[in-house]
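First to last, the protein sequences are chains A and R.
FYI, the numbering for the first sequence is 3 to 446, going by my numbering.
FYI, the numbering for the second sequence is 3 to 446, going by my numbering.
FYI, nobody ran anything at the bench for these hints, they're computed from the structure.
All of these numbers come straight from a predicted model, not from anything done at the bench.
Possibly wrong hints are sitting among the right ones.
Since the list gives no way to pick one copy over another, a pair counts as held whenever it fits inside one copy or between any two copies.
Here are the simulated DMTMM-like pairs of lysine to aspartate or glutamate, each with C-alpha atoms no more than 20 Å apart in a straight line [claimed, not checked]: (1) LYS55 with ASP158; (2) LYS196 with ASP185; (3) LYS346 with GLU38; (4) LYS190 with ASP149; (5) LYS174 with ASP101; (6) LYS346 with ASP68; (7) LYS410 with ASP129; (8) LYS121 with GLU86; (9) LYS55 with ASP32.
Protein chains: 2
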Amino acid sequence: MSTNEELRETPLENSDGLTAAELEAQHPADAAEAIEGLDIPDQVKFIKQLPIKDAAESIAEMEPHDQQALVKRLNQGLAARIVEQMSPDDATDLLEGLDPDLRHALLIRVPAEERAELKTLLTFDPDTAGGVMNTEAVILDQDLTPDQAIAVIRQDIEDKEVPYYAYLTDQKDRLMGVVSLRDLLLAKRGIALKELVREQNLISVGYNVDKEEVAHLIARYNLLALPVVDFGNRLLGVVTVDDVIDIIHEEASEDMQTMVGAGADESTDSPVPFSVRKRLPWLCLNVLFSAVSAWVVHLFEGNIQSMAVLAVLMPIVANQAGNTGQQALAVMIRQLAMERFDRKRAWLAVLRELRVGLANAVIISVLVFCAVYFSSHQLMLASVMGVALWMDMMLGAFAGASIPLLLKELGRDPAQASSIFLTTITDSMGFLFLLGLAGLVLLN
Amino acid sequence: MSTNEELRETPLENSDGLTAAELEAQHPADAAEAIEGLDIPDQVKFIKQLPIKDAAESIAEMEPHDQQALVKRLNQGLAARIVEQMSPDDATDLLEGLDPDLRHALLIRVPAEERAELKTLLTFDPDTAGGVMNTEAVILDQDLTPDQAIAVIRQDIEDKEVPYYAYLTDQKDRLMGVVSLRDLLLAKRGIALKELVREQNLISVGYNVDKEEVAHLIARYNLLALPVVDFGNRLLGVVTVDDVIDIIHEEASEDMQTMVGAGADESTDSPVPFSVRKRLPWLCLNVLFSAVSAWVVHLFEGNIQSMAVLAVLMPIVANQAGNTGQQALAVMIRQLAMERFDRKRAWLAVLRELRVGLANAVIISVLVFCAVYFSSHQLMLASVMGVALWMDMMLGAFAGASIPLLLKELGRDPAQASSIFLTTITDSMGFLFLLGLAGLVLLN
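This is chain A alone, in the form it adopts within the complex (with noise of 0.2 Å):
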C-alpha cells in the first residue's frame, strides 16, 4: 500500500497528500497540527517515518492530550529514544502526564545521564519555577575575559535552547550575574566578565516559586529569561519568555473555566469523559446551591400565590444583579492575575467597584421603577422592585468584587467556582429582598 493510499483514509483535509518529507520541511508547531488531525495509527506511521528529532521537536509541540495518546502506541524503544531527543522541559512536561509504568518503562530506556536530570526535573511541582524551567543554560566563569567567553559560547552554543544570555557563576555554581550576547559584544576586551556585573540587580527566583509569580517577574521587567536557583544560589536552569507566553495562556484559560466550574486545563480537544468529570461536581455544588435560592422562594410561595407578578419580576432582580456583580469579578480577578495586591489596594478596588455598582444600580433601579410603574399602574409594586433590585445590584457589586479577595485570603484560586458562589448569593438575596418586602409593603 502506498503513502498517498493510507492518507486517503484519513479523515481531514490538512492531510490530504501529506507526506512525511513535507511533514519534516514545516516548522514543528504546524507538524504538530498536521499530526493532530490523523488518526492515531497514522500518527505512529509518521512518527516512524520523521528523523528522531524533528519527531521529538513536532512531538513537544502537539496538545498534551494528543502528545500522550501517541506516546503510548509508540513501542518503547522508538519512544525513549524521542523522549532523549527532546529538550529537557519539554521531555520532562510529557513525562509528567504518562502512567508510571510507562514513565519508569521510558526512562530506563534513556542514557543514565539524561535520565538522571529527568528523573530530578521530575522531583519538582509542575507548577513552580523548577517544574517549567530548563536546564541548558548558557554557563560562564565569570573570571573569562569577552573574547574567551564568546569563543567558549561559539563552541557550546548549538545545543542550548537560550543563546541570548550567559550566566556568570564563581567557584562553587553561585549566580553571581548575566549577560547578554549584546553585552559581550559591546564590552571592552581584556576585563573580566565579573566586572561587568559589579553593579547589576540580578533578578533571579527559588525553584519553588510558583510559576505564575515568574510569568508576573518575566512580563513586569520585560525580561526574555529568568535565571532559577537553589537555597545555596546555585543555578538550577532558566525559565524563558515562550514558557512564560504558554503559562500566562494557561492562566487565562484557567481563570475563565474555574470561574464557572470547567477544569483549568480543558480546551475543545480535551475528550467527552475528562470535561465530564471536572464541570460534574461543580454543577451538583451548583444544584445544592440553586436548591438555596429555590428554599427561599419556597418561604414566600403564600405571597406568590396571591400576586404572581412577583414571580414575573424575580429573574429580572436575579439576573440583573448577577451580571452586575460578574462585571466587578471579571475586572478583579484579571486585576488579581496580572499584579500583586496588597490589602490596602484590595479594599480600595472593592471601594471603586462599589461607587460604579452605585452609580449603575440607581440608574437601573429607576428604569426599571418607571417601567413597571407605567406597565401595571401600582406604585407600592414598581417602589418594592425598584428598592429590591437597587439592593441586590450593590450587594452583587460587593460579593463580585470580594469573592476572589475572600478565596485568595483563604490560600484557593481567587477565580474558582467564584461565579457559582456569586449567583447564588444575588439570587437567593434578591427573592428575599423582591419578596420579602413584597410580603411587608403589599401584602399586609
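Based on these hints, arrange chain R on the given structure of chain A.
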C-alpha cells in the same frame, strides 16, 4: 518646604521617605508603580527631579490612565522632551491617548526627524502590527560578512530595543532574512550574510495584520520578535515578545470582561465614570433581555397562581442551564483566543460540548427529578421538572458553544456580551419549558 515634608502628606505607604534618587535607582516598572501611588502634584514634582531618560522610561511603564493624567499636568516643554526620549512605540501609545490639541502641541516641540517618525506611527491602527511595532530594528546589508556585521552592530546597537535579531535587506530595503546574534557568532567567516538565510523560511507580517494574530504567530513559533513589512515587503519595524505578553494579557482581560459587559480596557484603577460608561449600556441591554424572560413568565401567570411551587423551581432551571452554558462558553472563548479555527473544527467543538452537556444534563436531571419527587411526592411535577431541566441544560450547552462562533462569523468579537446573550436564552427558554410543560401536563 523640604521633600520629606511634602512626602508626609502623600497617602500611600510606598512613598514614605522615597526620594527621586531612590526612584532613579529602581527598575522603571517599580518606579512607575511608586509614582502611580502619589498624588498628581507630587508625581509632577518627582518627574521634574528625575533625569529625563529615567522619567521617560518610568512614564512608559505607567498605566494608560495614570500616564495621561500626569502628562497633561506637565509643562509642554518637559512633556515633549520626555516623548522624544521614549521608544517610538511607547511614545505613540502615549500620544494616541491624549487630546488632539495636546498631541499636536507636543509633536511640534519634538525635533523634526522624531516628529516625522511619530506621525507615521500614529497613522497605523493601534490594534494592528503597525500600531504595536517599534522601529528601532538592527538592519544589515545582506552583502556584509559576519565580522563586518558584528562591527556594524557594535557601533549601532547601543540604543536599539531589539538586540537579539538583525534583519537583512537588499538595495531596495526589502526584507531578505533574519539572523540572530548567535547566528553571527557561529557563522563561518568571510561568507556573505545572504548565504546564511538562503534556505530560511522567514516569517513576517503586513503592517495591517491584527495584533492578536501577531501574538498568535509569535507564541506559535516561539519567536522573540516578528518583522513588520509594507506591501512592497520593505521592513517597517518589529514587534517584540514583551509587547506580545502585553497583548496576550489585554486579550484575556478583554475576553473575560466583555463577556459580561464590562469594558475591554477596564482595570481596578479605571476612574469610576469610565467604568460606568462602559458597563451601563450592557446592563440596559440586559434589562431589556430580562424583560423577555419576565414576559415568558407573565404568559404563564395563571399557572403560577394555581401552582406556586413552579416559581420555586424556576430559579433552579435557569441557574443550572446558565451554568452549563457558561462552562461551554468559557472553553470556547479561550480556544478562539489561542487558536484559529476552521469551520470543521468549530463544528466538532460544538458537537463535543453537546456530548459533555448531554452527560451532565442526564445526571443532574435525574438527581433533581429524585429530589423533587422525594420532597413533593408528585411524580408528574418531578417529571416535568426533570424534562424541562434536561432540555434547558442541552440548550445551554449548545448556545454556550455556538454563541462565540456565531459572533465571530458575524465579524464581531466572539466574547462581547456573550454571557448576557446566553443567560437570556437559558432563562427565557427554561421558563417556557418548565411553565409550558406544567401547563400541558399538570394543569389540564
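Hint-by-hint comparison with the structure:
Taking the closest pair of Cα atoms, LYS55 and ASP158 come within 20 Å of each other only inside a single copy of the chain (19 Å); across copies the shortest separation is 37 Å, beyond that limit. In this homomeric assembly, LYS196 and ASP185 come within 20 Å of each other (Cα to Cα) only inside a single copy, at 12 Å, whereas the closest approach across copies is 25 Å. Proximity of LYS346 to GLU38 under the C-alpha cut-off of 20 Å is restricted to the inter-copy arrangement: shortest distance 14 Å between copies versus 48 Å within a copy. Proximity of LYS190 and ASP149 under a CA criterion of 20 Å is satisfied in both settings, with 9 Å inside one chain copy and 17 Å between copies.
Proximity of LYS174 to ASP101 under the C-alpha cut-off of 20 Å is found in neither arrangement, the shortest distances being 38 Å within a copy and 57 Å between copies. Proximity of LYS346 to ASP68 under the C-alpha cut-off of 20 Å is restricted to the inter-copy arrangement: shortest distance 18 Å between copies versus 45 Å within a copy. In the homo-oligomer, the alpha carbons of LYS410 and ASP129 lie at most 20 Å apart inside one protomer (17 Å), although the nearest pairing across protomers, at 33 Å, exceeds that limit. Proximity of LYS121 and GLU86 under a CA criterion of 20 Å is satisfied intra-copy only: 12 Å inside one chain copy versus 52 Å between copies.
Proximity of LYS55 and ASP32 under a CA criterion of 20 Å is satisfied intra-copy only: 15 Å inside one chain copy versus 43 Å between copies.
Hint 5 from the list above is the single one not met by this structure.
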